[in-house]
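> Could you slot chain B onto chain A? The hints should help.
Listed in order, the protein sequences are those of chains A and B. Here the working numbering is used: the first residue of the first sequence is 1, the next is one more, and so on. Here the working numbering is used: the first residue of the second sequence is 1001, the next is one more, and so on.
For the record, the hints were derived by calculation from the structure and aren't laboratory data. Since the structure is predicted, the reported quantities are computational estimates derived from the model, not experimental observations. Since no wrong hints were added, every one of them can be taken at face value.
Label-pair distances were calculated between CB atoms; the ranges are:
1) B/E1072 - A/K61: 28 to 36 Å
2) A/D8 - B/R1009: 28 to 36 Å
3) A/G53 - B/S1080: 46 to 54 Å
4) B/S1084 - A/L56: 38 to 46 Å
5) B/G1098 - A/I60: 19 to 27 Å
6) A/S14 - B/S1100: 32 to 40 Å
7) A/L56 - B/S1080: 46 to 54 Å
8) B/T1077 - A/A17: 40 to 48 Å
9) A/W83 - B/S1083: 32 to 40 Å
10) A/Q42 - B/E1027: 17 to 25 Å
Partial list, computed: chain A residues near chain B (C-beta under 10 Å):
11) V4
12) L46
13) K49
14) C91
15) L103
What the simulated footprint calls covered on chain B by chain A, stretch by stretch (three residues with Cβ under 8 Å from a Cβ of chain A suffice, anywhere in the stretch; the number is not a length):
16) 1030-1041
17) 1044-1052
18) 1106-1113
Built from N, CA and C at the ideal position, the CB exists for glycine as well.
So you can see what is in the structure, the chains are spelled out below.
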Amino acid sequence: AQSVTQPDIHITVSEGASLELRCNYSYGATPYLFWYVQSPGQGLQLLLKYFSGDTLVQGIKGFEAEFKRSQSSFNLRKPSVHWSDAAEYFCAVGVIYNQGGKLIFGQGTELSVKP
Amino acid sequence: DAGITQSPRHKVTETGTPVTLRCHQTENHRYMYWYRQDPGHGLRLIHYSYGVKDTDKGEVSDGYSVSRSKTEDFLLTLESATSSQTSVYFCAISRVAGVSRYEQYFGPGTRLTVT
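Bound-form chain A, shown alone:
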């Protein structure tokens, strides 16, 4: 079955500390992987994407993610967190679906940043 798991529902980090959000996927074909961020009351903003090639991808706002096929993972990282990074983060995998493609989302990880 196709699925995405984000094991951490809520994470709190101190401002300036490093961050890693975990994502594991289950999909039999080549995965197309995404991270989105959602601030309260807002829509989802695409942070970064992986289609192929270099397994370390860079995104906006200083985020990066690493694709590890052997672990079926696509973890999101940031070396130094800012208070404005507090939000909910969603990992997603793009899968073939009928006439097009759809995204399957994880449950989300809420990030809190303490001063």
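The following block gives chain B in isolation, referenced to the frame of chain A:
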């Protein structure tokens, strides 16, 4: 910014009434999607469209219908609203070529409450 607007942004309605949500895009994208977001579930696909008058069901389509008579507009109708349809609804678009169809951009959302 993918030029997506949703209307209304907030709506409160009574059980049993029909409700229509509108998604409007300005960039002539072929694929459009409707998702609902519920706590603990991430986002789940309701319906999608791959062209004018071409639509298909997603994984949680019961109780919903869609229409797309123009490229720029994708309507989601709750035929007879129920309390279980209280949710935040997001419209998304993607470009048509190759793997880009998996890369989706989201509107600001509509918060629907069914009383």
